[in-house]
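Go by the hints and put chains B, C and D with the ligands onto chain A.
Chains as they are written, first to last, in the working numbering: chain A, 48 to 369; chain B, 48 to 369; chain C, 51 to 393; chain D, 51 to 393.
Keep in mind the hints are simulated off the structure, nothing from the lab. Watch out, some of these pointers could steer you wrong.
Calculated cross-link-like contacts (lysine-lysine; reagent style DSBU-like; alpha-carbon spacing at most 35 Å) [what the hints assert, rightly or not]:
id, chain 1, residue 1, chain 2, residue 2
1, C, K87, B, K80
2, B, K94, C, K93
3, B, K225, C, K93
4, D, K93, A, K80
5, C, K93, A, K94
6, B, K94, D, K294
7, A, K80, C, K294
8, D, K96, A, K225
9, C, K96, B, K86
10, A, K86, D, K93
11, B, K225, C, K96
12, D, K294, B, K80
13, D, K96, A, K86
14, D, K93, A, K94
15, B, K67, D, K93
16, A, K80, D, K87
17, C, K93, B, K80
18, D, K93, A, K225
19, C, K294, A, K67
20, B, K86, C, K87
Here is what each chain is made of, one letter per residue.
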Amino acid sequence: MAEVTYIDAIREAQHDLLEKDERVFIYGQDVGKFGGAFKATQGLQEKFPGRVIDAPISEDAMIAMAVGAAVEGMRPIIEMQFADFSSVGFNQLVNNAGTHFYRTGVPVPITVRLPSGGTAGSGPFHSQMMEAIYAHYPGLVVVTPATVADAYAMLMESAALDDPVLYCEHKFLYRWLKADTMKGDPLPIGQARIVHPGKHATVVAYSAMVHEALRAAEELATEGWEIEVVDLRSVKPLDTDTVMASVARTGRLLAVGEAFPWGGVTAEVISRVASEGFHLLDAPPQRINARDTPVPYHPNLWRAHRPTLESIQAAIRNLLSL
Amino acid sequence: MAEVTYIDAIREAQHDLLEKDERVFIYGQDVGKFGGAFKATQGLQEKFPGRVIDAPISEDAMIAMAVGAAVEGMRPIIEMQFADFSSVGFNQLVNNAGTHFYRTGVPVPITVRLPSGGTAGSGPFHSQMMEAIYAHYPGLVVVTPATVADAYAMLMESAALDDPVLYCEHKFLYRWLKADTMKGDPLPIGQARIVHPGKHATVVAYSAMVHEALRAAEELATEGWEIEVVDLRSVKPLDTDTVMASVARTGRLLAVGEAFPWGGVTAEVISRVASEGFHLLDAPPQRINARDTPVPYHPNLWRAHRPTLESIQAAIRNLLSL
Amino acid sequence: MPEVETQHAQVGAAESWEDRVRRTFRAMVTAYTLESKLSSLYKAGKIVGGVYIGRGQEALSGALGACLRRGQDIFFPLIRDQAGRTAFGETLLDATRTYLGSVLGPMRGRDGNIHRGRPREGLPAMISHLGGGVATVSGMLMARRMQGSLGTAVGATCAGDGATSTGAFHEGLNLAAVEHLPMVIVIANNQYAYSTPTERQFACRSLVDRAVGYGMAGHEVDGTDMLACLEVLGSAVEAARAGKGPQMVVASLLRLSGHGEHDDAAYVPESVRQSPLGRDCMTVAETQMTEGGFATAGEIAAWREQAAEDVQAAVATAQQEPGPDPFRDDWNAYATPGFREQT
Amino acid sequence: MPEVETQHAQVGAAESWEDRVRRTFRAMVTAYTLESKLSSLYKAGKIVGGVYIGRGQEALSGALGACLRRGQDIFFPLIRDQAGRTAFGETLLDATRTYLGSVLGPMRGRDGNIHRGRPREGLPAMISHLGGGVATVSGMLMARRMQGSLGTAVGATCAGDGATSTGAFHEGLNLAAVEHLPMVIVIANNQYAYSTPTERQFACRSLVDRAVGYGMAGHEVDGTDMLACLEVLGSAVEAARAGKGPQMVVASLLRLSGHGEHDDAAYVPESVRQSPLGRDCMTVAETQMTEGGFATAGEIAAWREQAAEDVQAAVATAQQEPGPDPFRDDWNAYATPGFREQT
Ligand SMILES: Cc1ncc(C[n+]2csc(CCOP(=O)(O)OP(=O)(O)O)c2C)c(N)n1
Ligand SMILES: Cc1ncc(C[n+]2csc(CCOP(=O)(O)OP(=O)(O)O)c2C)c(N)n1
Ligand SMILES: [Mg+2]
Ligand SMILES: [Mg+2]
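Excised from the complex, chain A in its bound form (with noise of 0.2 Å):
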């Protein structure tokens, strides 16, 4: 059987939806004929001429367009060629997109692909994760995929949701990330998956983290030690239920999150359990994240910068201690 990536999921993801769903189209800088920075869109202009559109550099009023397209019935896709160019498109996703359907009654289905994370050599401007800013406004669904099956699935389901979708897309996983097939059996968006079965631990990861968390599981298991993975797959909403059942089995937390230390993920899932499920806990909830300061440049740092196999083993080991 052929390998799929993660990209390739997220390509035919779209190419699907092009030929399923008259109502959507793609914008965005650079998709068109040349398929995206990424490739993340190859061949699909060709394929669909007219719904597949290059966009100036204007990421504030592609986000606009978006939103007036969704109003007259479209479900568009916006490609962002690097998530930490959203922040140029801030405005109108969370004061426009965000709050359309509370004030107006009219939803407005738009899609916004996210290439976020890091790599190494990207630095401060290529490298962001910006799930916790989108996730703080009300009205915005964010999603995080870290399989490929998941990849593909969400990315179906974000364009049929009514709501405004961010889909973080994690850059280190597009192409060394690889399965079989892209058609998993799909959990719908706002439901997590226990990745790894265990009782003597919870990590709470998504993304990339997914896969760092779980070595450390895989590694930690030649020691005994039986660690549950939950993958959130979406950060808003965020699944409650399932952290709180898997912390209901093992009693400790880890919260794994490659975005900045400050707010985010990792603070609302420890703020969700300590306040609902306080019970539950027999150790201090964990969190590890990046580093305060902006992504760095030279593989040295960046790879210090976020957490790593070695880092969330070590913060395990210490849960487990504690």
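Just chains B, C and D with the ligands now, with coordinates in the frame of chain A:
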């Protein structure tokens, strides 16, 4: 003795800064002859010609301009007409100002004033609390003065810091909050203050919510409950030590914020206490935030959207019962 | 109350010049009457938040609304476009209900004042952040073009002199031009953005000089002159309809009120008020109506009376209606079932 | 290694036309040499992230840098401005250290490639988000004006055709115009933004048509012609120096490389490559040097050799230097002591 309001203190601090430090200038829409939408710069242009400058409606350029001016040794104070409009200056704030010192070693001492928070009838785009958004990013200082004296002292200190500061001033407090003097006994930015001592529970609040928390504490005092209220004062850096010391005394924690519920200050506070002070807690830490919708226009909805005396009181009672 | 008489153009129905002039003027009168009432209500503490009126801009805005066809065209109004809204066919009730916070209004008390619309009926609801309207309308038009339903529809949107400084406005104009969309972008240069005079806002001779830089046609008009506005906007709308791409229209006039009703606009010097920019378009239009034989003084008086009655009725209705009830509001920002935060 | 020979203009020192032409050409040669080397290093896997070069834009960029005076003027370069950096006086070591991640470079391994500068020496370090440079330089100039130290300093910044679509660029141009700042804004219309051709980026005849809309002077130049660039940029810089406000210069040329060295630019049609836009400014300049009597073929060959030596030395030095050590880095984004998060 004449009464001074919170907005008086903000105006006075700007006056004193202009007077004492020739590197300070003010830039913002309508800040000149008009004195600003909230009169925070009234009379300053006349007194300090050439140093209080009207800006075009270009928030992105206003922040970039400030970064440039700071590189050249100035200490700009930028007034956003409303915090909400900083969303269009977001990119320059987080990606230029926030990264500048780390990347280049050159500090950019800029102070950005964000008239924040709700008043009845202000609606979704003139009511936002944006502290969590900025605190998430490295390199930015985020302060949230709750008293007249802090409004003065923290603005003075903000302008003196070498880092970019988001000075979140609460519009509800502008004319409502009065004091005999604006010269209090100042604490440095980064230190929280215990504004009401107690032993049964700790309520951590900031900005306008400090006053709601205080009223709740005072009402509960009539029933014999001694509630300790901590005013964070700055949310980044966040004074974990003071919060932890308080929780060590009370064993119970409620974090109160006026921002949207996902993430944010309350999540960060609870997360830190749960991680580092788990053993201090006698009950699950609780939090209360605004609701997860845009800030509604109608006073009926607005009052039910944010935490109030009543909902905070109820949350404290609940906490005491856990 | 009886539904207010429809004042907007019918799709398909040809309209004579005289009819359009009359319709514009009546919309101006209605808007003027409504806004005077809203201002009083605000000053009496009956409206919270703020009231933003279009005094001095009734001719420009009304003429634009009158050139558009409800049910086909798109109108993205800004804060001084009551006359345009009325001419486009927005009901007075939509306005009064939104200002007074009626739960029965289009915004259900969730948003207020000029932040209202009916997006699915070609009338998007603005957010406060200036400049984004152009791109939003562009998206609406592009959607229709993809759907094959664009026909001869036109999208129109307004901006003030101040809004032209926003990055959003620039990006939108450029996008509209690149897509060659049937749009009319009206810039009301009313000399001030809040208190800020134009010389602190831009340095070009006229904002119309920006049109060439986007590759779009530019038009200038005296915004105090109703007939001139109708002519210039009429031909701009027709040019857009005819496939000539986005049209920029820059009108000169003066805001004859404060920025909002809380503001006395003391910063506007007497010399500016007395200049030709300060002419009241309502007076100019009234003269044009009678001298041009579009209406007699008697007809105008009757229209005024009708407007007063309609406004009175719309205010009374909205005032009797309930505001939103926080216990019944679903507090749900999500269209997808089950996505609401349980807070 | 010996410090590279200074190639920039001295403040105050009058420079002959011939000297400036020679200095420009030498900077072009140096930049060309450096960038060829960087490209090889990237392809050999010795540079991570990416390499972005200015092939085809050496004349434009070099001419701009040569018209500025280090120690007085401000130069905010963009991604294709190696020649301008060199002409302005940035050392080769700053470039190689940043690309190779040396901890001794100006960015200390924290940022890379073209994201480098020495802000306090008039050379700000770009962020990736396009368009913000104009406003940043405006702030620098306004600061000096307030400090009374502006003198005859000029600020220059560059943008590509694509960057002109950003809201940030618009806001910056407008701000600079309102403040009447001594600025030169150079737009390198190299026909593509990454893969996007200009017809998907703007709809005006020429981007210079935007100047009038900001109330600034506009200039056009053939960006493949070094002498023309020097003339047009020279007079733009002088006009800005003389207090005539911001000057926009639009150059036409073609990017003679991929967007980055990972990109083969297969989307550029042969017809465009063969058009006058596709002329190689290096070849044109060499002819101009010899035919205009600015240099002999021998001198040029010597300069090339010198450039090769200098580049080799700068690369070798940077390669021998340590990268940043995560255990020694202070991981501190705050200048204020004690504000670092303890994570
Ligand atoms: C991005 C942004 N910044 C600031 C504001 C605050 N604001 C509201 S209206 C206004 C002035 C608008 O002036 P103009 O565009 O000329 O319109 P006018 O009020 O004159 O009709 C300002 C600054 C805003 N709404 N949006
Ligand atoms: C706001 C923003 N959006 C997207 C990008 C990604 N990006 C980097 S360079 C580039 C193309 C720039 O084209 P142009 O301005 O013409 O410069 P050129 O590369 O042709 O020199 C794009 C889209 C960016 N840097 N900033
Ligand atoms: Mg105006
Ligand atoms: Mg280009």
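Hints and how they fare:
no., hint, result
1, K87(C) x K80(B), "holds (31 Å)"
2, K94(B) x K93(C), "holds (33 Å)"
3, K225(B) x K93(C), "holds (25 Å)"
4, K93(D) x K80(A), "holds (25 Å)"
5, K93(C) x K94(A), "violated (60 Å)"
6, K94(B) x K294(D), "holds (29 Å)"
7, K80(A) x K294(C), "holds (27 Å)"
8, K96(D) x K225(A), "holds (27 Å)"
9, K96(C) x K86(B), "holds (24 Å)"
10, K86(A) x K93(D), "holds (20 Å)"
11, K225(B) x K96(C), "holds (27 Å)"
12, K294(D) x K80(B), "holds (27 Å)"
13, K96(D) x K86(A), "holds (24 Å)"
14, K93(D) x K94(A), "holds (33 Å)"
15, K67(B) x K93(D), "violated (56 Å)"
16, K80(A) x K87(D), "holds (31 Å)"
17, K93(C) x K80(B), "holds (25 Å)"
18, K93(D) x K225(A), "holds (25 Å)"
19, K294(C) x K67(A), "holds (34 Å)"
20, K86(B) x K87(C), "holds (28 Å)"
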